[in-house]
Amino acid sequence: MDNVGRGNWVSEKLLPPIMKVVNTKAMNALKDGMVYSLPFIIIGSIFLILSNIPYKPVAQALTDSGWSAIFTQAYTTSFGIMAVWAVVGIAYVYVRNEGFEALPAGLTSLAIFLGLQSLQVASPLSAAMGKAGSGVGSLSGTQVAEHIDKLPHALQTFLTSPVTGAINITWLGGQGMIAAILIGIFVGWGYSAMLRAGWKITLPEQVPANVANQFTAMIPAGVLITVAMFIYAFFSFIVKEDLLQTIYTLIQTPLQGLSDSFGGALIIAFLVPFFWFFGVHGGLIMGAITTGLLVPNTFDNAALYHAGKLSLANGAHIVTNEFYNNFINLTGSGITIGLVIFTLVAARSVQLKSLGKIEAVPGLFNINEPFLFGLPLVLNPFLAIPFFLTPVLVAASTYLVIYFGIVPPLNGVAAPWTTPPIISGFLIGGWKMAVWQAVVLVMSAAIYWPFAKRYDKMLLAQEQEAEAAENA
Amino acid sequence: MAEKTIMLACAAGMSTSMLVKKMQDAAKAAGKDYEIFATSTSDVDEKLASSNKPDVVLLGPQVSYMKKEIQAKTDAAGVPLDVINMMDYGMMKGDNVLKTAEALIS
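If you read the protein sequences in the order shown, they are chains A and B. For the first sequence, the numbering used here assigns the number 1 to the initial residue and increments by one for each residue that follows. For the second sequence, the numbering used here assigns the number 1 to the initial residue and increments by one for each residue that follows.
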């Protein structure tokens with residue numbers, strides 16, 4: 001097959017530079033480190049649903065009995081602090097891959113993540129002051145704010161100074177995600193570099209190994225924490241806000257906006273089959289790049305959903321991590337369910353028929369390697385058009401139906417990526433999303449059908465030829 | 001204790017476990033006592049260092065781009081490595097992949 005020869009050129013010349021970036025230590029740490037936050041996000045999702053059952057009487061009963069708040073507690077301490085899992089996981093994986101004992105690095109990373117925060121929460125009173133109905137004595141909130149200098153001195157201070165001695169949970173969730181990623185990678189890199197350079201306290205051999213190991217971590221952790229302290233000091237004295245706030249404003253907000261745009265959705269949807277076409281795991285690579293941005297989008301939507309204010313007007317995102325997992329990669333990269341249906345009901349060639357049987361069940365769980373390698377879809381020009389087109393069209397139409405309010409935004413619940421279609425749609429966005437997923441499945445069938453038919457005909461002719469040659 | 005241990009590594013160890021099942025069936029049919037399992041490429045280090053070190057490592061075709069990196073590790077551990085043929089993988093031909101593994105061990 002000459003197209004394989006051409007493919008080799010691509011995979012030898014074009015892909016290596018891309019793979020070099022994807023395969024850097026930092027990217028690997030990011031990709032495998034984020035995985036540690038997934039179980040907590042999914043478990044937290046269950047409590048998010050429980051705290052916010054989308055059926056009024058039940059929801060009311062849960063709120064009245066106080067159980068809604070209890071479920072919220074479980075959600076907040078799992079899903080709600082996902083940046084903590086990420087910051088530990090990323091540094092941990094980085095150092096583990098370098099072959100050193102990794103948990104101390106993960107813990108150092110957490111220490112630094114917290115150490116760069118100002119450990120205070122804005123005074124809830126000053127936030128409430130502008131609101132109608134609040135205020136002090138006979139003054140309204142606005143009047144208090146305007147005439148704060150006339151209040152007793154003690155009261156002024158109380159109203160304007162932040163609550164200290166508290167870890168601000170805002171930064172432990174979606175808003176702290178990019179900072180968590182950067183800190184995790186930086187700590188992983190610095191920690192391993194110092195150990196490799198031999199910066200450690202070596203104790204005499206008589207000292208038991210578990211005692212000696214504690215000392216191994218001491219120098220790199222000490223250096224990194226000191227560096228972090230000076231960074232904190234710089235931001236505290238010069239910038240007048242903490243590093244996390246700066247990263248959030250300067251990096252995370254624009255990136256999140258980019259990933260949540262129509263163009264961003266199309267690019268992500270296109271690149272998944274693009275990588276796969278050359279035999280490289282596109283879902284995994286794009287996942288590594290996009291999770292850091294899309295998971296915070298999911299988080300924002302979850303917070304809005306939890307507050308009962310989920311709408312685009314309130315700032316809900318269209319493209320979340322579930323948009324990626326449960327739409328762009330529905331039934332596997334390339335959204336190949338249409339091909340599965342074709343092979344099961346209409347294929348005539350032995351190859352497609354037998355592959356259909358292999359792929360039918362995994363396809364329901366969004367796994368489609370049998371098709372990618374067996375049809376194959378990899379380097380196959382006959383199926384390339386629908387393979388590239390389906391995810392892009394699905395991403396575009398899904399974006400638009402949410403944009404125009406036909407289907408509500410994704411609610412921030414995270415379903416495991418292996419959750420079958422329609423069920424996942426119901427979980428991540430309610431019945432309308434489930435119906436839309438069903439529409440997506442039909443779209444896939446419609447796009448793949450004519451191409452699959454032509455390809456099947458060709459395979460059948462080949463098979464018949466081979467059979468005739470054997471019989472002759 | 002199985003006679004030989006064959007380890008398959010892919011992205012998340014999901015689709016490869018289907019192939020593992022087919023290979024186990026093929027090994028059983030041939031009356032061979034092999035331990036065959038799938039894992040994620042990120043766990044290769046750990047598995048190579050474990051007491052039950054695999055006799056051969058096979059990479060899923062979707063992670064063939066990591067061959068160089070993993071080969072360095074398996075070479076250091078003295079374990080042969082190859083990438084599974086794409087068509088064998090796609091068609092889930094357990095017997096063919098088993099033959100590849102056996103050829104590498106011997």
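There may be inaccurate statements among the hints.
[Unchecked claim] Once the Cα atoms are required to be at most 27 Å apart in a straight line, the calculated DSS-like pairs of lysine-lysine come out as:
#	chain 1	residue 1	chain 2	residue 2
1	A	K357	B	K4
2	B	K47	A	K357
3	B	K68	A	K353
4	B	K53	A	K353
5	B	K73	A	K20
6	B	K99	B	K53
7	B	K28	B	K68
8	A	K20	B	K21
9	A	K357	B	K22
10	A	K56	A	K453
11	A	K357	B	K53
12	B	K53	B	K28
13	B	K4	B	K93
14	B	K68	B	K32
15	B	K47	B	K67
16	B	K93	B	K67
17	B	K68	A	K20
18	B	K22	A	K200
19	A	K457	B	K28
20	B	K53	A	K25
21	A	K453	B	K93
22	B	K28	B	K99
23	B	K22	A	K353
24	B	K4	A	K353
25	B	K21	A	K25
26	B	K47	B	K99
27	A	K20	B	K67
28	A	K25	B	K99
Rather than coming from a laboratory, the hints here were simulated on the basis of the structure.
Pair hint outcome, K21/B versus K25/A [Cα-Cα no greater than 27 Å]: Distance of about 32 Å is beyond 27 Å: violated.
Restraint status (C-alpha distance of K68/B to K32/B at most 27 Å): Violated: K68/B and K32/B sit about 31 Å apart, past 27 Å.
Given pair status - K67/B, K47/B, alpha carbons within 27 Å: holds, 16 Å
Pair hint K20/A and K21/B, alpha-carbon separation not exceeding 27 Å: It is violated: about 33 Å lies between the C-alpha atoms, which goes past 27 Å.
Agreement of K99/B and K53/B with the hint, judged by alpha carbon distance not exceeding 27 Å: holds, 20 Å
Given pair status - K20/A, K68/B, alpha carbons within 27 Å: Since the Cα atoms of K68/B and K20/A sit roughly 12 Å apart, the hinted pair holds (cutoff 27 Å).
Pair hint K53/B and K28/B, alpha-carbon separation not exceeding 27 Å: This hinted pair holds, its Cα atoms lying about 21 Å apart.
Given pair status - K99/B, K28/B, alpha carbons within 27 Å: Roughly 13 Å between the alpha carbons, so the hint for K28/B and K99/B holds.
Given pair status - K67/B, K20/A, alpha carbons within 27 Å: holds, 13 Å
Satisfaction of hint between K25/A and K53/B, Cα-Cα up to 27 Å: Distance of about 25 Å is within 27 Å: holds.
Restraint status (C-alpha distance of K68/B to K353/A at most 27 Å): violated, 36 Å
Proposed proximity, K353/A with K4/B (alpha carbon, max 27 Å): Outside the cut-off at roughly 34 Å; violated.
Hint compliance for this structure: hints 1, 2, 3, 4, 7, 8, 10, 11, 14, 18, 19, 24, 25, 28 are not met, and every other hint is.
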